[in-house]
Structure formats: C-alpha cells, structure tokens
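Quick mapping for you: the protein sequence lines, in order, are chains A and U. Just so you know, we're using my numbering here: the first sequence kicks off at 1 and counts up by one. Just so you know, we're using my numbering here: the second sequence kicks off at 265 and counts up by one.
You can trust all of the hints, since none of them are fake.
Think about it this way: if two alpha-carbon atoms lie no more than 20 angstroms apart in a straight line, the pair counts; the simulated SDA-like pairs of lysine to any residue are:
(1) A/Lys115 to U/Gly356
(2) A/Lys207 to U/Gly356
(3) U/Lys286 to U/Leu565
(4) U/Lys280 to U/Ala587
(5) U/Lys697 to A/Ala55
(6) A/Lys206 to U/Thr601
(7) A/Lys262 to A/Thr193
(8) A/Lys207 to U/Ile345
(9) U/Lys650 to U/Lys697
(10) A/Lys115 to U/Arg586
(11) U/Lys318 to U/Ile344
(12) A/Lys115 to U/Ile621
(13) U/Lys656 to A/Ala55
(14) A/Lys115 to U/Leu602
Coverage of chain U stretches by chain A, computed from C-beta distances (three or more under 8 angstroms per stretch; other residues unrestricted):
(15) 595-603
(16) 683-690
Derived CB-CB ranges, DEER-like:
(17) A/Glu234 to U/Arg696: 28 to 36 angstroms
(18) A/Glu33 to U/Arg696: 34 to 42 angstroms
(19) U/Asp374 to A/Glu234: 50 to 58 angstroms
(20) A/Lys224 to U/Glu386: 53 to 61 angstroms
(21) A/Cys219 to U/Val378: 56 to 64 angstroms
These are calculated hints, taken from the structure and not from any lab test. No residue lacks a Cβ here, since even glycine has one placed at the ideal position from N, Cα and C.
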Amino acid sequence: MSSILIATISMGGLAAFFAVMLSIVHERFKVEEDPRVEEILSCLPGVNCGACGFASCRSLAEAIVKGEAAVNSCVAGGSSVAEKISRIMGVESGSVKKKVAFVRCGATLSERSKKATYQGVNTCRAANILMGADTACLYGCLGFGDCEEACLFDAIKMVEGLPRIDLSRCTGCGRCVEVCPRGIIVLDSFENTNYRVKCSSLDRGKKARQVCTKSCIACRRCEKSCPYEACWVEDNLAHIDPRNCQLCGICSMVCPTGAIVKVG
Amino acid sequence: MRTKTFKGGVHPPESKNLSKDKKIERISPPPELTVPLSQHTGAPCRPLVKKKDKVEEGQKIGDHDAFISCPVHSPVSGEIISIDKFPHPTLGEAEALLIKWDGGDRKNWDSEDVDLSSLSPEDIRKKVREAGIAGMGGAAFPTHVKISPPPEKKIDTVILNGCECEPYLTADHRIMLERHEDCLFGLKAIMRATGAKRGYIGIEDNKKDAISLIRYSTEAENSIEVVPLRTKYPQGGEKMLIKAILGREVPSGGLPLDVGVVVSNVGTAVAVAEAIKKAKPLIERVVTVTGSGVSNPSNLLVPIGTPIRYILDLCGIRENARAIIAGGPMMGISQYTLDAPVIKGTSGILVLTEEEIIQDKEKPCIRCARCVDHCPMGLLPTTLAKLVKAEKWEMLGEFNIMDCIECGCCSYVCPSKIPIVQLIKWGKIEYRKITSRG
Numbered sequence: 001m002s003s004i005l006i007a008t009i010s011m012g013g014l015a016a017f018f019a020v021m022l023s024i025v026h027e028r029f030k031v032e033e034d035p036r037v038e039e040i041l042s043c044l045p046g047v048n049c050g051a052c053g054f055a056s057c058r059s060l061a062e063a064i065v066k067g068e069a070a071v072n073s074c075v076a077g078g079s080s081v082a083e084k085i086s087r088i089m090g091v092e093s094g095s096v097k098k099k100v101a102f103v104r105c106g107a108t109l110s111e112r113s114k115k116a117t118y119q120g121v122n123t124c125r126a127a128n129i130l131m132g133a134d135t136a137c138l139y140g141c142l143g144f145g146d147c148e149e150a151c152l153f154d155a156i157k158m159v160e161g162l163p164r165i166d167l168s169r170c171t172g173c174g175r176c177v178e179v180c181p182r183g184i185i186v187l188d189s190f191e192n193t194n195y196r197v198k199c200s201s202l203d204r205g206k207k208a209r210q211v212c213t214k215s216c217i218a219c220r221r222c223e224k225s226c227p228y229e230a231c232w233v234e235d236n237l238a239h240i241d242p243r244n245c246q247l248c249g250i251c252s253m254v255c256p257t258g259a260i261v262k263v264g
Numbered sequence: 265m266r267t268k269t270f271k272g273g274v275h276p277p278e279s280k281n282l283s284k285d286k287k288i289e290r291i292s293p294p295p296e297l298t299v300p301l302s303q304h305t306g307a308p309c310r311p312l313v314k315k316k317d318k319v320e321e322g323q324k325i326g327d328h329d330a331f332i333s334c335p336v337h338s339p340v341s342g343e344i345i346s347i348d349k350f351p352h353p354t355l356g357e358a359e360a361l362l363i364k365w366d367g368g369d370r371k372n373w374d375s376e377d378v379d380l381s382s383l384s385p386e387d388i389r390k391k392v393r394e395a396g397i398a399g400m401g402g403a404a405f406p407t408h409v410k411i412s413p414p415p416e417k418k419i420d421t422v423i424l425n426g427c428e429c430e431p432y433l434t435a436d437h438r439i440m441l442e443r444h445e446d447c448l449f450g451l452k453a454i455m456r457a458t459g460a461k462r463g464y465i466g467i468e469d470n471k472k473d474a475i476s477l478i479r480y481s482t483e484a485e486n487s488i489e490v491v492p493l494r495t496k497y498p499q500g501g502e503k504m505l506i507k508a509i510l511g512r513e514v515p516s517g518g519l520p521l522d523v524g525v526v527v528s529n530v531g532t533a534v535a536v537a538e539a540i541k542k543a544k545p546l547i548e549r550v551v552t553v554t555g556s557g558v559s560n561p562s563n564l565l566v567p568i569g570t571p572i573r574y575i576l577d578l579c580g581i582r583e584n585a586r587a588i589i590a591g592g593p594m595m596g597i598s599q600y601t602l603d604a605p606v607i608k609g610t611s612g613i614l615v616l617t618e619e620e621i622i623q624d625k626e627k628p629c630i631r632c633a634r635c636v637d638h639c640p641m642g643l644l645p646t647t648l649a650k651l652v653k654a655e656k657w658e659m660l661g662e663f664n665i666m667d668c669i670e671c672g673c674c675s676y677v678c679p680s681k682i683p684i685v686q687l688i689k690w691g692k693i694e695y696r697k698i699t700s701r702g
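Work out the full structure: start from the sequences and follow the hints.
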C-alpha cells in the first residue's frame, strides 16, 4: 500500500514541479511574434515556389509584416491573395498583373524531325549539352519534361512531347522558365492581345522547314498582311507587337505553317 | 621495361591493330570545305574575308584580338562561297566559312634549317600564334597561351604527350614513328619558349617501336628523356601524366603551370616545328579513321574543314555502321551529321557497328564503388551522380565536381550502366551557373 502511495506522491510532485517551471519559462522567455505573420501565412499558397524572391512563404510573410516586401509580392497567389493580405495589413493592395507561362514552340513529337538516336540522361538540360540529343531543331522543345517536373502547381502536362499549360492552374511563378535549357518558355500577361508566335527557331526558312513542320519560316506573310503593322520578322522569326495588335487574327489565318496561334 | 603510372583508370580493349601499321597518307582536298571560326577553346574568330573573296592556301581568314584565341587559315586555295552557320563536331552548329577549292596545285611548304638558339622565346610564341596552333590532343587550347606562362610561374619541365591512351586511335603513334625529328624539334622549341630545362616524352608501353625509335634519336640529348608508361586510360590526361612522370600533383582547381610543367601533344609539337621551320600554319592534321564499321581503316593527313562524309567515302563505310564519333570512344562526341568537318582538335573518326553499341537500361546504383576505385582524380562519382539527379547543385562544390576531367572511366566500369560522367557534365554546367550568380 505504502509503495503505491510513495510512487503517486513522488510522480505527482514531479508533475506539479515541472508544470510550474514550464509556465514560468513560458512567461519569461516568450518570443514576441506579430500575429499578422501567421494570418498572412494562412493566405499564401504555401508551396514555397520562390517566385517572390524569398526562400519560403513564411519568410515572405515576415518581410511583408516588417514592411520589406509589398503586399502584392506573391506572384503565385495573384490578386485574390494580395487583396486578403492588404486587408490584414490595412493598406491598398494595388493591382497584380497575372502572368502565365507560354511555350514558344508548337511542334509535337510527330511534327518535328529526329536527327539521331539518343541514349543518355533523360532530362532536357542534360540532352541540350549534347547538341540537343535527337531533336533536329536547335531552338525548339526537347520534350523530356523538365518543366513538368519543376512545376509545383501541377499546371504542366507533357502531351506528345510538348508541355501543355493549364492556364487556370499556372500561377506565373517562373520555375519552368528557369529550368528550360532552350529558353522557350516565357511569362506573358497577354495584355491587349492573345495572338502569339508559337516558335523560337532562328533558322532560315529552308532549314526550319526541313527540321519541323510547325516552324516559322520567315515568309513575311503576316508582316505583309497585317493591317495594323503589328507583325514583323526579325532574325528569321515573326514577332507581334501587342500595342498595335487589334485582334483581327489575319496573321494567324495567313501563316502557312500555323506558327501563329490564339492563346486562351 | 619499367613503367610508371597513376592510381585509378581503366584498361579497355585497345583495338589499335586496325590502323596502327597504316602509314600516314596525305589526301587531296574535297571540292568544298567548311572551316569553323571556332575550333579552339576561347573567343571565336571574326572572319577577315568576305563572300566571293579569293583566298590562298595558308592565308589567314579569321582572327580575334583576345589573348585566349587563335587564328584560322584557309587550308586550300579557292573562293569563299558563304559565311554562315554550319554543323560543327563539338558545338553542334557554329559560324563557319564555306570554301570552294579551285583544284589548283597545293602549296609546297619549303623547310628551312632554323637554329633555335637564334630565336627568342617571344619570336617562337609569335610564330606559334600566327600559325594558329591549338592543342591537337582534343581540347584545342591555344598553344601560344600555354607557352606564355605568367612571370611568377617558373616552368622547369615540358612533357610531350605521346600516350594516346584512347582506344582505337593511332594518329599520334604514326606521327611519332614517321615524324620523330619534328616531334623533337617541336619539344625543343616549346622548351626554349617556356625556359624549361628538362623535356620528357611520355609514351605508353603498347607502342614499343615508338619508344625505341625516339630513345635512339634522343641518345645524344642530355635534357630529353623518354618515359615508358603503363598502358592505361586516361594515361594521356595531363594531370595523370605529370603525376606518373614527375610525381607532382596539380592542386585542385589549378593548372600544370602551378607545378612548373607544360604538357603538349606530339601532334602539336610537329605543328610547332612546321610553323617555325616552314612558316606553315595549322591547315592539315593527322586523323585516324577506324572502327569495325570502316572497310579500310587508315591514318590520313586531312585538310582542316574536310567533311567527315568525304573522308568516310574514301575509306569506305560498312552497311552495319551505326555510330560515328569524332575523337576516341571514351571522350569523343557522337555525330548526328556527316557534314560536320574535321577541326584542329579532331584526332580520329570512329565508326562503330550495331553490335558494339551497348544499349543496356540504367539500373539502380548498387554502391559497389567501382567508379570510386577507378576515378583517376580521386573523386566520388557515385555521390556526384546522385546529387545531380537530386538537383542539389549547391552541394556539388563540396565534392569538388570541377576537378572532374570527364574521362568517363566511371561510366565505363559501372555495372548498373548509370551514365555517371554524363550526369557530372550536366552538374558542372549547373554548378557553374549558380556560382557565377554568386
């Protein structure tokens, strides 16, 4: 009987002692944290994509509270997150221009020709070191899907060797832009116009035709037929000036290879 | 024979018998040559001629002011047809001059007797630069830069590299047998230019005829010694060569200059000799055309800019040929087009057949550490490959990825067929990117 009593008293005593100690320590060494950090953190997407320039969502939240970063810094979250954060911080959010990824190559596996058989590391960045592996075009998509793997929002799917971007999921964080060794992915806000040249080839028409059926061949038909002088060809590649474009779509219609497309 | 060597390395089948007894034959130029403006490590040249210009054989057609660069010369007399992007054996595609040979007689480069002691080191460097000589072992580093050490670095030794450790290739072997006098003259010229007192010629012991011939011809020389080396790949890597011959170790991230050594290929030494004796620029080089996919393996003296297609038409290509490699099987680069030309660093054209190409699938690493045992640089290839696969670029520096010489021993010995050296090459590029970003 007495042994049970001793055990109960000693354990109970220890418990009470530690409880008191812990409560003292808790009060004495309390870390003051702005409650807004937690609030902002709960608004942020929480994937730590790094597009804002900070290492993690928490470090962005801390920076916003300290006033070191703007309330609309979160690229991935867009205007809805900016609005929530501005409400927490009590300031005007300003507008966030939403940008999404756009792939400047439109040739699927069957549309681009192969120049060799490649056996090696199956990533675009490794293949690009070896003269672009089996893809004959020196500018276009290599199709191993480094961008798909880099995307944290599940917005990129490789379809027939070409990344297809889910515009509703893409947040414009830019991770795919960074990994693409050929630099064919760009961030685009699609302001004023959504006609785009879906090709990056700087090859002359004849060679571009040889390696790909979807390539811009610099025939200048878009340049000649555009009534608003929005299209021009430079370095064997067509360009569209969004400021002049009036969305008539003639360039897309006259393009013999279908390299000019309407996005969205 | 007592032979020296280094730790690590591999010994692949040598396969040199195909072409090692074939004398060097000078071929007539093809009707059209593509001469790339970038054949060396360093700044690519700017063209000095225009479209439709007439050029002479040996005329300088491209140059650049940068220190690490070297000029290119026209290999034939003829006309410039165009200056455009053309296939390139190492870069894929690069700016080049398309020259049409006029079919005229080839220039007779007369040899003069030159007394080396009458030339100052500066004269030799100038002649080497004007001749556009770049290292002919493969990396094509401009030779005049190599032999202009900064004043605080004292060079005491020059090593001529006659190892030719890549399997199949026999170009350097033939050069040593047929041009040994020019080899020695070139070595003495480089010694004079760098102020080195001793010269060594390192030759692998599978070339006994070359060892005894050069030994015989250097008997009277006190400052030059022939060193037989064990036949092992990559014995011809300059760091391995220095370790084997002198026992010195080039520090991590350093150059042979840091231990007072200049290493040069035997082919380069011959080019240096020709530049000094004949004022002949580097417009031709010896290329081994070999492999079981070639019907008539040979060693050819080929004008720079000759398309691989023309050379393979001369030597004959078998039906079951599958892969064409510029260089040797270990470090050479697979070609996707036969229009790529021979450049200053192309030591061989290797044609492999279907049966010789291993197409095994990559399997998981079993941690056998064979790559670690064979790495001549003492790195941990398996760890590096794993870090690259996980894209941990910033950690690559801790494992000294930049010391990798890309010899490929790790991929060669890997029982799981992991493309280790390919992964490391990719890792080096990404590591360079993050370190340059700061």
